[in-house]
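Each chain, written out:
Number of protein chains: 2
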Amino acid sequence: MSQKVYFTNSPAIAIDRYITDSGSPKTFILTDENTAEHVLPVILSESRQLRDAEVITVKAGDVNKNIDSLSYIWNRLQNGGATRKSLLINLGGGMITDMGGFAGATFKRGINFVNMPTTLLSAVDAAVGGKTGINFNGLKNEVGAFKEADAVIISTVFFKTLPVEELKSGYAEMLKHGLIDGKDTYRRLINHNVESADWDNLLDILEESVNVKRRIVTEDPLEHGIRRALNLGHTIGHAFESHAMKHNSPIPHGYAVAWGCVTELTLSCLSLGFPSEELHRFATYIYDTYGPYTFTCDDYPELIELMHHDKKNTSSEINFTLLKDVGKIEIDCTCNEDDIKSALDIFRDLMHV
Amino acid sequence: MSQKVYFTNSPAIAIDRYITDSGSPKTFILTDENTAEHVLPVILSESRQLRDAEVITVKAGDVNKNIDSLSYIWNRLQNGGATRKSLLINLGGGMITDMGGFAGATFKRGINFVNMPTTLLSAVDAAVGGKTGINFNGLKNEVGAFKEADAVIISTVFFKTLPVEELKSGYAEMLKHGLIDGKDTYRRLINHNVESADWDNLLDILEESVNVKRRIVTEDPLEHGIRRALNLGHTIGHAFESHAMKHNSPIPHGYAVAWGCVTELTLSCLSLGFPSEELHRFATYIYDTYGPYTFTCDDYPELIELMHHDKKNTSSEINFTLLKDVGKIEIDCTCNEDDIKSALDIFRDLMHV
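Order-wise, the sequence lines are chains H and W. For the first sequence, UniProt numbering begins at 1 and goes up steadily by one. For the second sequence, UniProt numbering begins at 1 and goes up steadily by one.
Keep in mind that the hints were calculated from the coordinates and are not lab data.
Where chains are identical, the list cannot tell them apart; a pair therefore holds if satisfied intra-copy or between any two copies.
Heads up, simulated DSS-like pairs for lysine-lysine below, C-alpha to C-alpha not over 30 Å straight-line: (1) K328 / K85; (2) K140 / K59; (3) K59 / K246; (4) K4 / K328; (5) K328 / K341.
Assemble the whole structure, with the sequences as input and the hints as a guide.
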């Protein structure tokens with residue numbers, strides 16, 4: 001794990017120390033309009049090293065993670081006199097760390113960049129692991145690079161003003177990390193209430209959860225094998241997300257992953273003997289925290305069609321990451337449509353739909 | 001050296017074998033309008049595996065190595081159904097291998113690509129070593145990535161229709177590789193006449209020359225140290241190139257490098273004791289092959305100003321790669337302006353200007 005990840009309640013001190021140690025002569029901060037208003041002023045007031053930094057602000061929202069915004073960032077770096085020794089700080093959610101990471105990976109063939117995630121979802125997911133990129137022609141993350149941030153500074157102080165829905169969305173990815181890591185990590189997550197304002201405890205379990213991802217990414221940075229473990233809950237989760245979008249009632253990414261995990265653990269029960277009492281406990285936690293996702297058996301063909309579109313699929317079969325038990329991963333599982341339909345039936349029962 | 005480089009008189013057989021071995025389900029060929037007319041039909045007629053390949057043609061010329069052409073390539077890959085398992089073949093000069101390499105490095109965060117250089121300059125320089133990129137806002141290679149082609153197929157059969165000026169331009173980079181490698185390689189290059197049509201001998205010495213670059217790149221892929229040896233002749237060469245451009249009489253890149261090598265070997269004599277008889281022998285070869293580059297001492301301030309702009313400079317001093325002798329490299333040499341002016345004086349003497 002060559003990438004430095006700092007977990008801290010004092011992010012301004014951490015970034016100041018990083019800049020001093022790196023000896024970087026010039027610093028740029030990439031942020032979006034929301035973060036520029038709500039988070040940036042706090043960091044700027046607490047930091048000594050960021051006073052002369054040049055701020056690059058782009059419009060918020062995944063729809064702006066595109067080639068126009070990327071060109072704007074390259075332009076600002078160029079006009080700001082950025083050299084190969086300059087530093088780019090990506091301060092924002094996943095949209096900012098994805099796009100800023102790609103800008104940093106490619107400007108002059110690569111300058112150092114640091115991610116400072118301001119949402120729980122980006123802290124646990126996008127900011128760590130080296131996947132950078134932009135959307136292109138309406139396809140998500142179609143263009144990008146594998147390039148790890150030189151450092152990541154993770155702090156729960158940024159999350160205090162987040163809507164609870166955002167916190168829950170990020171927490172779903174943490175739960176997924178617990179499921180693939182093992183019972184100890186998983187139990188601590190299931191016993192924490194994300195709606196409480198216990199930021200110190202959240203920082204501790206966040207560190208544990210991020211380190212699960214880091215261990216897997218170190219083993220397989222380019223996603224040829226075990227990194228696909230991180231795909232748990234996502235094949236069906238993405239299908240739920242697209243289904244909701246098509247029916248004009250979009251759901252947060254993390255909610256889709258939470259429901260996707262329940263359905264894929266059901267599949268794991270059916271095909272790999274995942275313990276059914278563990279499935280029921282997990283489903284209850286998800287139902288209590290996220291409520292149900294509602295659909296009928298008339299939606300099954302559409303959902304299965306959407307699963308076929310997942311970009312991890314290389315053939316006509318649908319590829320899943322499943323579990324034999326908590327922490328016991330099986331990548332590259334293929335399931336037939338009958339099993340998937342049974343899992344969707346059981347999911348609806350578990351969600352009291 | 002993990003990158004496969006094939007030196008062959010039968011490039012169609014080499015690419016067919018590569019495609020069969022790689023098992024890639026879909027192939028795209030990137031080329032420019034000139035290459036599409038003069039080289040592509042020959043390859044297509046001789047290859048079995050390229051019959052169903054999708055051809056992406058962009059406008060020729062370095063001015064088109066830009067974000068618009070890059071977006072067009074991403075677009076064509078997307079619309080052509082390219083997946084992570086697809087293969088992109090870059091068939092052309094340095095403009096095509098640079099831009100196609102960057103497209104390949106970034107489409108879906110990286111697909112396999114193969115370079116088939118059709119000019120001597122791109123064979124010996126751009127196609128090997130992993131520097132990919134595009135120009136941006138008028139600055140050369142401002143945006144890009146370090147990513148080696150999965151394979152490079154080098155064949156002198158492509159060069160038979162090149163103008164002799166193009167051949168000589170590429171040969172200058174080969175001479176540079178000889179100078180930094182050692183006396184054996186260097187002697188063989190100095191004893192070859194690039195204006196002869198001895199394609200088999202050219203393929204042999206080209207292989208030797210390309211392998212010099214590969215050894216250096218393997219040692220220092222990201223140009224933190226010894227890779228700067230490849231910069232020999234380029235600090236002053238780039239200044240000559242920009243100077244000629246500004247005065248509306250552009251010179252080929254390789255010619256600028258050849259003259260830059262003479263001047264930097266002169267500097268090497270002055271500051272590191274490079275043998276003066278070796279300098280004179282080299283200068284005679286360059287004069288006989290490339291003729292002189294003409295300027296007066298009134299141009300010195302402008303030339304020195306241009307040397308300051310070289311992107312390898314990190315401070316106000318001018319950074320050179322010099323030689324103590326053929327094959328004895330000293331990177332990160334700084335010279336004062338008096339030495340540079342003396343070297344320019346001696347260069348003009350050696351070129352009978």
